[in-house]
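Visitor: As a plain string of letters, each chain reads:
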Amino acid sequence: MDEKTLLEVKDLSVYFNLREGVLKAVDGVSFNVDRNSTVGIVGESGSGKSVTAQAFMRILPETAEIKTGEINYYKDPDNPIKIHALPDRSPILSNIRGKEISMIFQEPMSAFSPLHTIGHQMIECLMLHTPMTKQEARERSIEMLAKVGISNPDKRIDQYSFELSGGMRQRAMIAIALSTNPSIVIADEPTTSLDVTIQAQILKLMKDMQEEFNMSIIFITHNLGVIAQMADMIQVMYLGKIMEAGTAEEIFYEPRHPYTINLLKAIPKIGSHVNSRLEAIPGQIPGPFDVQKGCKFCTRCPSMIKGLCDLRTPDIKKYSDTHSVYCWRCLEQEK
Amino acid sequence: MVNFILKKLLSTLITIFFVSIVVFIIIELPPGDFTDSFAAGRSDQGEVVSKAEIENMRALYGLDRPVHERYFKWIWGIVSRGDFGISFRYKSPVLFVIGERISFTTYLALLTMLFTYLIAIPIGIYSAMRQYTLGDYFFTFAGYLGLSIPSFLLALLLLYFSTKYTHTTVGGLFSPEFKNAAWSMAKVVDMLKHIWVAAVVLAVAGTAKVIRTLRATLLDEKSKLYVTAAKARGVSGNALIMKYPVRAAMNPIASTLGWELSYVISGSPIVAVVLSIPDMGPLYLTALLSQDMYLAGTLLIFMSLMTIIGTFVSDILLAILDPRIRLGIKI
Ligand SMILES: Nc1ncnc2c1ncn2[C@@H]1O[C@H](COP(=O)(O)OP(=O)(O)OP(=O)(O)O)[C@@H](O)[C@H]1O
Ligand code: SF4
Ligand SMILES: [Mg+2]
Numbered sequence: 111m112d113e114k115t116l117l118e119v120k121d122l123s124v125y126f127n128l129r130e131g132v133l134k135a136v137d138g139v140s141f142n143v144d145r146n147s148t149v150g151i152v153g154e155s156g157s158g159k160s161v162t163a164q165a166f167m168r169i170l171p172e173t174a175e176i177k178t179g180e181i182n183y184y185k186d187p188d189n190p191i192k193i194h195a196l197p198d199r200s201p202i203l204s205n206i207r208g209k210e211i212s213m214i215f216q217e218p219m220s221a222f223s224p225l226h227t228i229g230h231q232m233i234e235c236l237m238l239h240t241p242m243t244k245q246e247a248r249e250r251s252i253e254m255l256a257k258v259g260i261s262n263p264d265k266r267i268d269q270y271s272f273e274l275s276g277g278m279r280q281r282a283m284i285a286i287a288l289s290t291n292p293s294i295v296i297a298d299e300p301t302t303s304l305d306v307t308i309q310a311q312i313l314k315l316m317k318d319m320q321e322e323f324n325m326s327i328i329f330i331t332h333n334l335g336v337i338a339q340m341a342d343m344i345q346v347m348y349l350g351k352i353m354e355a356g357t358a359e360e361i362f363y364e365p366r367h368p369y370t371i372n373l374l375k376a377i378p379k380i381g382s383h384v385n386s387r388l389e390a391i392p393g394q395i396p397g398p399f400d401v402q403k404g405c406k407f408c409t410r411c412p413s414m415i416k417g418l419c420d421l422r423t424p425d426i427k428k429y430s431d432t433h434s435v436y437c438w439r440c441l442e443q444e445k
Numbered sequence: 045m046v047n048f049i050l051k052k053l054l055s056t057l058i059t060i061f062f063v064s065i066v067v068f069i070i071i072e073l074p075p076g077d078f079t080d081s082f083a084a085g086r087s088d089q090g091e092v093v094s095k096a097e098i099e100n101m102r103a104l105y106g107l108d109r110p111v112h113e114r115y116f117k118w119i120w121g122i123v124s125r126g127d128f129g130i131s132f133r134y135k136s137p138v139l140f141v142i143g144e145r146i147s148f149t150t151y152l153a154l155l156t157m158l159f160t161y162l163i164a165i166p167i168g169i170y171s172a173m174r175q176y177t178l179g180d181y182f183f184t185f186a187g188y189l190g191l192s193i194p195s196f197l198l199a200l201l202l203l204y205f206s207t208k209y210t211h212t213t214v215g216g217l218f219s220p221e222f223k224n225a226a227w228s229m230a231k232v233v234d235m236l237k238h239i240w241v242a243a244v245v246l247a248v249a250g251t252a253k254v255i256r257t258l259r260a261t262l263l264d265e266k267s268k269l270y271v272t273a274a275k276a277r278g279v280s281g282n283a284l285i286m287k288y289p290v291r292a293a294m295n296p297i298a299s300t301l302g303w304e305l306s307y308v309i310s311g312s313p314i315v316a317v318v319l320s321i322p323d324m325g326p327l328y329l330t331a332l333l334s335q336d337m338y339l340a341g342t343l344l345i346f347m348s349l350m351t352i353i354g355t356f357v358s359d360i361l362l363a364i365l366d367p368r369i370r371l372g373i374k375i
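Here the protein sequences line up with chains H and F, keeping their order. With my numbering applied, the first sequence has no gaps in its numbers, which climb one by one up to 445 at the end. With my numbering applied, the second sequence has no gaps in its numbers, which climb one by one up to 375 at the end.
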């Protein structure tokens, strides 16, 4: 195990046991999160990004279970915590949640309780994880609100989430997440519900905070433009599997996997005709309960190799220490 | 908050005013008045009541005055002196006739509400937290049973079994030895011993309804994002459940408190008849039949008042519980 590694995800599978059948939301995902780095997880809707993140914090819905794999947390490298193996009611787990790993949700409106003030929820979190008194927790909360750029924090703290604007709400969300000084912050589409200007402000805020607080960020989005600004390492996910992984440079300048290449094509280019449609990837996405043999992308892939891609799961192809791809075509080109 | 309460208070007072008018119209609605039904009653017994006698009586009770004059006189009496007029039939002030019964009905209603929530809230929480367990199925089944059994039948059953096995009569309001005794602690206890059957009977259907509402709301709230978010902050176990979903599920309970009360009140006469408790139900019926208008009107006003006050309390509770209501924000 590398010393830089903070979180290790090994062969993680999360299945939903639903009435309609078993839904493999995450299907054998592996990657590492290094200290003080940002990992981006990108992919279309339904690719399992959120479920992966929920597994890290063990806040999966009741119908979901971690079927295989490991989630190891190396805060103390000599004494790793096996998050996947902790019992549901383990106090270690409650201590990880909100203290070691925090989460910023996509919709700050519904992620705050409408019946409790922002301050109430911040103070609750601080008092759970630190020896602070109520008064100290309150002061710390006000300080955090000020830090994330909320004006009149001593007034805002006693307000409810619905009294704040969308941008302010997301700032408050970030303030809560960072208040306990966690080692990892998971941001699940933190800017999707915001307009573009606010989005840029929030992204900058997160970068600044990362520098100040020395934390790792797991940044989830389906927006490649956003991830380009944020991530050091990028994991491209599709239907529960990692398709391609690499540094931001590798993914943006030398994409290898047909899925990544097509995703990149789908980004609207600056200067392109205003009305030009997003070039979505053509083809049929298999339903969530379909057992797609071989490469999951083969129903939509322009370079699909019949008799291979649709039968056998592709092996890994490494282009560098950091850059790996799961694709038969890439393996073939090697020969 | 003070503003909110004042506003609600004002609208409540206005409602009461309109209700009093409607009540008066209702009791004026049947053709004729008390003197007619009085005369009819007499002539049924073979007596003849002369026209002059009736006119005299009319004048005495003020029934010859125009409607609006009588209305305002009546209302003024109530507001200024707490005088609800006189009962023609009993020839004494209305309050004197019904005072005791009104307080019984009030006790009964409050006791019933207390039972309802005391039983329903813990069961509702249990059912939602242990969804699809044996306990949950048991309470769901018991709830349906409670909803579908008519209250008079349940009253009869309870009456039968308690007489058979405990050899006490739960019917009536007091045991024979207390019937004419002066008020004392022992007498109050004796009354509670009798009244609880009625309260339980009245509470059963309401309890089943509250359990179902609570269970449904809790299941709904439990899977909301803000609960997951709280969990992700490290809140766990009972603290998580009680603080977030249970707290949110109290809102619909508070907001239906007013209806619940009116439901109890409208259900009480029939149970009272079965258990021979001196509730206002039977009195109300005879008052209407004999056109004893101030008595009927007062009873009607009282019943509406209970509902209106229940709704007022509901509104205030809801505002305390839900900041969105307090701050006038649309949900
Ligand atoms: N609570 C749930 N019950 C059943 N299925 C679920 C649940 N949550 C997620 N899924 C399924 O798991 C799969 C992965 O979902 P997930 O939310 O992780 O996707 P995502 O990549 O985050 O997509 P999005 O960009 O839309 O957020 C999807 O097929 C989804 O339908
Ligand atoms: S494995 Fe085959 S189907 Fe899958 S992405 Fe590569 S070429 Fe396309
Ligand atoms: Mg998602």
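Calculated directly from the structure, the hints in this document are not laboratory data. You may find that some hints are simply not true.
[Unchecked claim] Below 20 Å or equal to it, Euclidean Cα-Cα: the simulated SDA-like pairs (lysine to any residue) are:
(1) F:266 / H:269
(2) F:253 / F:155
(3) F:287 / H:269
(4) F:287 / H:138
(5) F:268 / H:217
Visitor: Confirm or reject each hint.
Guide: Verification of the hints:
1. F:266 / H:269: violated (23 Å)
2. F:253 / F:155: holds (17 Å)
3. F:287 / H:269: holds (18 Å)
4. F:287 / H:138: violated (36 Å)
5. F:268 / H:217: With Cα atoms ~12 Å apart, residue 268 of chain F and residue 217 of chain H stay inside 20 Å; holds.
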